Structures are given as C-alpha cells and as structure tokens.
Amino acid sequence: MKQELFDLGEHVIRDAEKLGAQQVEAYLTSRKQIQIRVEQGTIKTAEEKHDVGCAIRTVIGKKLGFAFTSTINRSDIQASTKEAVSLAKFSLPDNEFHSFPTYSGSFRTLDGIYDPKTTQITSEAAVELLLRGIDACKTKLGKEKALIEGELDIQVTELAIINSLDTSGSYRDTLIELSVDPTIKSANSQASSFEFQISRTLTEIDPEWIGRIAATNTQNSLYPKTIKDAQLPVIFTPMALDFLFRVGLAAAFNAEEIQMGRSYLAESIDCQIAPSYFHLSDNALLPKGNRSRPFDAEGYPSQNTEIIVDGELNHFLHNSYTAHKAQLANTGNADRSSYQEFPRIAPSNLVITPGKGTLDDLIAEMGRGILCRFTFDKPNLSTGDLSALVMEGYYIDKGEIQYPVKNTLIGINMRDFFQGITLIGADTRSLHTVVSPSLVIESAKITSG
Amino acid sequence: MEDLAEIAISSALDEGVSFADIRIEDTHKNQIEINNGVSKTSLGAQLKGAGIRCFIDGAWAFAQTSDFSSKGMKKTGQQVAQMALAIREWTTEKYQLIGPNFQDRVKIQVKQNLLDVPLEDKISLVQMLDQEIRAVDNRIINARSIYQDLTTQLYVANSLGTRVWISNSLPRLILQIIAKENGVRQRAWGQLAGRGGFEIINESKARKIAHDSAKLAIDLLSSKTIEGGTHDVVIDPRLNAAMVHEAFGHPCEADNWVAQTTILEGMLGAQVGPEFLNLTDDPTQKNWRGSFEYDWEGTKAIKRNLVKDGVLTELMHSLETASRLEMKPNGAARCQSFMYQPIPRMSNTFMEPGDWDVDELISDMQKGILLCDYNYGYTDSSKGQFMFQANYGYLIEKGEKSHIVRDVSIAGQILDFLTKIDAIGKDFGMSAGTCGKANQLIPDNSGGPHARIRQVPVGGM
Chain A
1329 MKQELFDLGE
1339 HVIRDAEKLG
1349 AQQVEAYLTS
1359 RKQIQIRVEQ
1369 GTIKTAEEKH
1379 DVGCAIRTVI
1389 GKKLGFAFTS
1399 TINRSDIQAS
1409 TKEAVSLAKF
1419 SLPDNEFHSF
1429 PTYSGSFRTL
1439 DGIYDPKTTQ
1449 ITSEAAVELL
1459 LRGIDACKTK
1469 LGKEKALIEG
1479 ELDIQVTELA
1489 IINSLDTSGS
1499 YRDTLIELSV
1509 DPTIKSANSQ
1519 ASSFEFQISR
1529 TLTEIDPEWI
1539 GRIAATNTQN
1549 SLYPKTIKDA
1559 QLPVIFTPMA
1569 LDFLFRVGLA
1579 AAFNAEEIQM
1589 GRSYLAESID
1599 CQIAPSYFHL
1609 SDNALLPKGN
1619 RSRPFDAEGY
1629 PSQNTEIIVD
1639 GELNHFLHNS
1649 YTAHKAQLAN
1659 TGNADRSSYQ
1669 EFPRIAPSNL
1679 VITPGKGTLD
1689 DLIAEMGRGI
1699 LCRFTFDKPN
1709 LSTGDLSALV
1719 MEGYYIDKGE
1729 IQYPVKNTLI
1739 GINMRDFFQG
1749 ITLIGADTRS
1759 LHTVVSPSLV
1769 IESAKITSG
Chain B
35 MEDLAEIAIS
45 SALDEGVSFA
55 DIRIEDTHKN
65 QIEINNGVSK
75 TSLGAQLKGA
85 GIRCFIDGAW
95 AFAQTSDFSS
105 KGMKKTGQQV
115 AQMALAIREW
125 TTEKYQLIGP
135 NFQDRVKIQV
145 KQNLLDVPLE
155 DKISLVQMLD
165 QEIRAVDNRI
175 INARSIYQDL
185 TTQLYVANSL
195 GTRVWISNSL
205 PRLILQIIAK
215 ENGVRQRAWG
225 QLAGRGGFEI
235 INESKARKIA
245 HDSAKLAIDL
255 LSSKTIEGGT
265 HDVVIDPRLN
275 AAMVHEAFGH
285 PCEADNWVAQ
295 TTILEGMLGA
305 QVGPEFLNLT
315 DDPTQKNWRG
325 SFEYDWEGTK
335 AIKRNLVKDG
345 VLTELMHSLE
355 TASRLEMKPN
365 GAARCQSFMY
375 QPIPRMSNTF
385 MEPGDWDVDE
395 LISDMQKGIL
405 LCDYNYGYTD
415 SSKGQFMFQA
425 NYGYLIEKGE
435 KSHIVRDVSI
445 AGQILDFLTK
455 IDAIGKDFGM
465 SAGTCGKANQ
475 LIPDNSGGPH
485 ARIRQVPVGG
495 M
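Sequence lines, in order, name chains A and B.
In terms of my numbering, the first sequence opens at residue 1329 and continues consecutively.
In terms of my numbering, the second sequence opens at residue 35 and continues consecutively.
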C-alpha cells in the first residue's frame, strides 16, 4: 500500500505543477477499521470499513487551495487536483505564508505505535474481546437490573505525505479503544457510567478491568443529590482532564489562536501561570503514546515541546505557518485525523508530570470538596471562563466520598484553575490526548440545584 | 448506479441474510474561510462511495466501499452479509425488520445551483462580509467569516423494495467576531443557513447579521459574569433551540428506547410538561436546513408531534426502532455520509409558540435572567441530565432588562425541567446547527419562542 500511496502522491505533484501550482502537497491515508457494538449486553453491530483517500494542498504565490477525495481512483484524484489549483488561484493572498515544510532527512522510527497482532484480528476475535468486558461488568453487577452497552474500535492506518519540496514520509499505526457503558435501573433512581481504555497494542487492553470499573462507577452513581452552593476545592480526574484539556486548553496554547488574539493566554508567554511544581509538555515522541507520530500532518519531524515549565508558560504549539509568522521554531503540531481535514494545530500527547499519591490520598487530604470524574465542558477561549457540569462526580466530606452529585456546576476561570493547583496525584492515565494524573484545584464556585 | 445497488443487495441476500440496503452517495463540498482579510481555508471536497448494510435475526453488519465495479459491489455485499451471519449467534433479541417501501426520484428545486456559482462569487461574498465586520469598530480584532456548502445526490435501495433518489443542497454562512478593549476579549457569533441554492445566502440579510454580530461583540466588552445560583430565567429562541434539542429531542430518538437507556422510557402517553407545551420535529418544512423528503433508509419523512399538550406522543424512528417497538416508521434515520450507518436523528425541532407577549414575559418577572444565544450543550439521555450554555444574557431587575452578562450555563434533569416551564411567548425563531451523535455530524435546525422557566440552577464564576 505504501508504494501505491507514494506513486499517487507523485502523480498529484506532477499534475498540479502542470496546472500552475508552485508548491504541492499530497496527503494519503488508508485506514482499516473494525467496530463492534453491544446493546443490552449482547452484540448488535459489526462494521468493517476501509477508508482510502487523498488530500491535496497547492500554492500559487501566497495563495493556498485545498481539496480531497474519498477515493484513490486516478480520475477522481485528478479532478481534486484541478480543484485544489483553482481554489489557490481564486483565494486571497496570505502574505504571512512562507512555504510548506522542507525536510529531506529520514524520520525517526517510533517504537510501540504499530502492533502487528492488531492488524490480524478478525471480527469474531474482536467480538470475543468486547464480550469479555461485558461479562466482567455483568458479573460485578450481580443481580442488579442493568443494561450494558459497549464498543470496540480497532484502527490500522497507513499514511504517506509527499510535497514538491522533497519532503516525503510514511508510517503505520494501530489504535484500539474498548469501552463499557452500563445503566442501572433501581427503585427511584437510574444511573449510568462508563469506563474505557485506549492503546496502541491489543495486549494492553484489559477488558475485565474495564467491565468491573464501569460497573462499580455506575453502582456508585445511584441516588445522586444536589448540594448547597459554596466555594469548594475540586479534584479533576484524568478522565475529566482528557476532555477539558483536549478541547478547552489545547486551543488556548494554539499559536494560531494566539496570533489571532482569540486566546485568553495570548499575553501570558513567559509568565508564571501555575505553581512551580506544575509541568506540562506536548510529547509527540512519547513511547507507545496514543498520538505519537514520527512527523506531523505537514511532514515536519515530531518533538517534545515543554509548554509549562516550573509553572511558567514557555511555548505555544506551532505549525510551519505560525512558526514562520512568529519567527520561532516549528513545534511540529500540524494535525489532521483524516485526509478529510485541513491541517490545523493540535496537541499530540499532553503530558502532565505526576506528583504523589493515589486518588484516595487526594480525597483524604482534601477534607471537603467535589470530585469531578467527568465533564463535557470547555472554557470560553477568549476569556478563559469555565462553567462545567459535573456529569459524574461526588461530594467529599471529612476526607471521604459521601454521595454522588447531580445538577452541579463548577465555575472557575482557567487562569485561576492553573494558579489554584494545590496537589498533583500519581494516578496517571494515558487517554485520548492527555497523559495525566488527577489534579486538585484550591477553590471553585459550586452551584447545585 | 441502480444496477450496482441491485448487485450488492442480491449478492447479500444470496448469502442468507433477511435484509440488505445500500446508500450510494456523490457529495461535493466547498468551504471558504477568510480571517482578517486573508484566505485561511479554500476547500473543495468530493465524497463518493457506497455504504452497505445487512441484517438477520437482530444482528447488523456494515461496510463501505469506493469500488464502483460490479465485482467490487458483489464482493462487498457478500462480505457484509457474512459478517452479519457470523455475529448472529451472539445476539439475543431476535426480531424481523418490517417496513414500507417507496419508489421516488426527488430533485431539490433551487434558483442558483451551488455547483454553478463561480468560486470567485463565493469568495467575494465572504471577503465583503469580512471587510464589513472589521469596519464596524476598531475594537474588533478578529473577524472569521466562513461560507460552507454541500450538494448531494443519494440513491437508497433496500430489499424491502425501496428505490429512492434524493438530492440535497445546503449553504451556510458562519461569522465569528472577537472584540478587545483594555485587555478584555469578547466574542460573538452570527449565521445564515437554509436548504436551497445560493439564493439562501441573501446578501442584505448576511450584511445585517454581520453588523449585528459585530455590535454584540462590542456590547459584550462591558458584560460581567454572574454569580452562580438558582434563578428564574427567560430563554430566547436561540437558546430555546438548544433546550428543545438537548433536553428533549435526543431522548426522543428511538435508538435510546430500544436500548432501554432513556430516562423517558415507559412514558409514552404520559404528561411530561404543562398542557400548553408542544414540541415538534418536522422534516417537511420548506427550505429549512434540517428538511428532507426521504430519510437515509428511503422512508418517507413526516412531521413528528413529540409532545402534544404536554403529553409525550411520538418518537423519531429508523426501520429498526419502529420494528422493535412495533410502531410506524416516520423517516428519521439519518447518517453523516455513506461511511456511516443511519440512526434516528432530529430534523427541524422546535417548541410551538404560546400566547405571551415577550415584553410581558419579562415584565411579569421581578428578578431573573434573560438568556440569549447558544454556545454549546449536551445531554446524557440515560441519566436525564443536560447542560447548555448561553452566549450572553441580561439581568432582569424589577421587570426590566438591565446589565449584560456572558457565558451563562444551565443544567438540569429533563423531567424536572419541562415541568418548570410556566410561560411561552408568541414569537418564533429557528437556528441552524450541526448535531453530533455517535461520531456523526448532521445538519439540523432547532428553535421556538421565548419561554420562561422557574428556579433553574445557573452556573457562575
């Protein structure tokens, strides 16, 4: 497949140059995916997809065009190449644009991002893997009336990038995600929760652990209560931080948002934005990292970028465009999850250096507060204001979990969030983008009703 | 195209499945984004392929292909059928798929076909809006103007006998403005969308939206955050859109019902809100962004009265959910593209107007908050918990609008929340959107009038 992708890419470059493009980039992916879904504790659906496509970027002067097609048929690719060139001709010039990246060296080979065993799994074996998680959940729930949903998603991707400036590279990776989502219906209460793992290798997925924890979390979520409005400390677990940081924080560090004046951190470079014991990096070379890669979505070599060091904001995340505009080094953070996306700046693996203690230790030390296990909310990018619903969480008093909460919102500005980090746990989990332990925030406005 | 569909369906049936369907799609998209006078994205995209699905005894299998040869279609049909047969042994709920069949060829009527509009015209429109926004006030530091369009030809065929050609044409304009003063940044949004040709993006309407959004960003510079607490609130049509969509639309999608994970389970025919509450999902409205004649399973789409006089009366169905719940299919199965399976989704979802003047709604309330516009929201149907965030609002003091406030979040339990609605306005407005569920994004439209809700938990700093 790799050679076929490169051959198509070379055709794209030749065709686009003939049509008048001064720079050309072809980005081709082939992704095989198995998805299995469980409903009411039994298998409902199996999917096997093979998505192959080609994205083309072209440059004429300071003007860019972008097109993609969901096939690798030569005539479809030729039509998209023509459209990409037309779009470049008619676009408005961007005088800050300099060039696609030029890199003629060889890229680093990353260990642990491709698992040959994963590529050989059949739909039947995938079904059995997911059912192990479902069975573990059922066993843990015992006689409790429960409805269990679950999903297994296995992706095997081969990717090639080639541009007219001699950059070319390819790699393969695998990614497996297994989740179990039970709902318990008890007298006068209905609760649901979930647990998941995501990994590059099949052997690191533990379906039984996922099933057991999902069951326990659901049992613990029954009979939630509201609490009295107050200023309280909050523990954010890795799962809560995975969404909050991936969606809400990553945009604030994004150099494009900074340069456009859209981020609340726009004027915070070299400032102390967190306590000295807080460190955050974006490490695209992390061994086995779920978003590790040898190069970014423009073909620029990956690296480990220290974003916050000793609490001081040291770097933003750049692609080739923003780096040139700011006259800074490219951090290799151009990203696209598929050929269907225009390359945007995004983090790879956001790594928070762990501190000390288990989640239980943090709860005991906190005394009174809120444990936020999960939220779907994100801050206002311009102001940093966050108003987050605790989708799953607990009221803590006397160093112990008292009961689950409902209709409870956490209000805090992200600047205060960072400055207010009082404790960092050692319960690190590697999730979609975030590799983090739990964090304790000194105080947030809690509204419940 | 029809021949290829027949090959895929018959090859699947020959393997022994009881149902097979296929969606063959050809979609073209354009996106033009101008950011402070510079082209940021000039995109053209072609999505071409087929999604094939098979069913037997409660087991579903799905695959996609871009191989439009007869051999390729036959092979994919066989493979999907074999997958369904292989997982059948693990399913416990055995049922048959029952449904009507339709034969039709629907071509959307447009004045200006999106594919015929020169690229230069689309770019010129966005450039003009970008310039107008930045000319409103020198405190506007960033204008992001995005034009998107999508043109689709879709053929749906299944083993029940359905053979339907559908077309779609969806232009949309999105404007995002950032204003800054004395270190304070604020943002505002505006948009214009519908179903039809380029005529939907009416220039004078677009200019007004650009101007109003820019002015709002400036006004928000003097806004403040509010103190969290429990308040009486009035929601405007744009926030009502989010409320209806998140708090009630999603739980009425019947895939939650067959999975038995919706908090509304068992409440069909029950009183879920006040008698003056009527909630509707209607894909038959002309030129609305969420409209379609047939759904993505080829079922004729009809209006759904989700709540009538406060009573939960109807759900949104796919062929599967209608069969399992022994109800009539109503054409609500949708998918993002041929790469996904269709599932029950909303179309144009709204609260029907009531009988209160909007001014009266506010003056009747001594203290509270008028909440406007929509940042984002979500719901967990199994817990019945939802959250949505207003972009801005106004404090109401002594029955009058006072200070402007920003980013106000509301949370609640679906069943508690509807009973707290005590007054509904006479006005009406719809907002175009894009709804995400099960990793699929689909175009939709939601709205309603102003409505008043008592004692709601409101998040603050």
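Because the hints were derived from the structure by calculation, they are not lab data.
It should be emphasised that the depicted structure is a prediction, and the values quoted were computed from it without experimental measurement.
A couple of the hints might just be wrong.
Dumping the calculated DSS-like pairs for lysine-lysine here, alpha-carbon to alpha-carbon at most 25 Å [stated by the list, open to error]:
id	chain 1	residue 1	chain 2	residue 2
1	A	K1330	B	K334
2	A	K1553	B	K454
3	A	K1417	A	K1471
4	B	K82	B	K105
5	B	K454	A	K1360
6	A	K1466	B	K128
7	B	K242	A	K1377
8	A	K1417	B	K63
Hints and how they fare:
1. Using a Cα cut-off of 25 Å, the hinted pair A:K1330 and B:K334 is violated, with the two alpha carbons roughly 44 Å apart.
2. Simply put, A:K1553 and B:K454 have alpha-carbon atoms about 19 Å apart, close enough for the 25 Å limit, and the pair holds.
3. At most 25 Å may separate the alpha-carbon atoms for a hinted pair to count; A:K1417 and A:K1471 exceed this at roughly 67 Å.
4. Pair hint B:K82 plus B:K105 holds up; C-alpha atoms about 17 Å apart against a cutoff of 25 Å.
5. Taking the CA atoms of B:K454 and A:K1360, the gap is about 49 Å. The hint is violated against a cut of 25 Å.
6. For the suggested pair A:K1466 and B:K128, the alpha carbons sit about 21 Å apart, so the restraint of at most 25 Å is met.
7. With a C-alpha separation of about 45 Å, the suggested pair B:K242 and A:K1377 falls outside the 25 Å cut-off, and the hint is violated.
8. At most 25 Å may separate the alpha-carbon atoms for a hinted pair to count; A:K1417 and B:K63 meet this at roughly 18 Å.
When the structure is compared with the earlier hints, violations turn up for hints 1, 3, 5, 7 and for no others.
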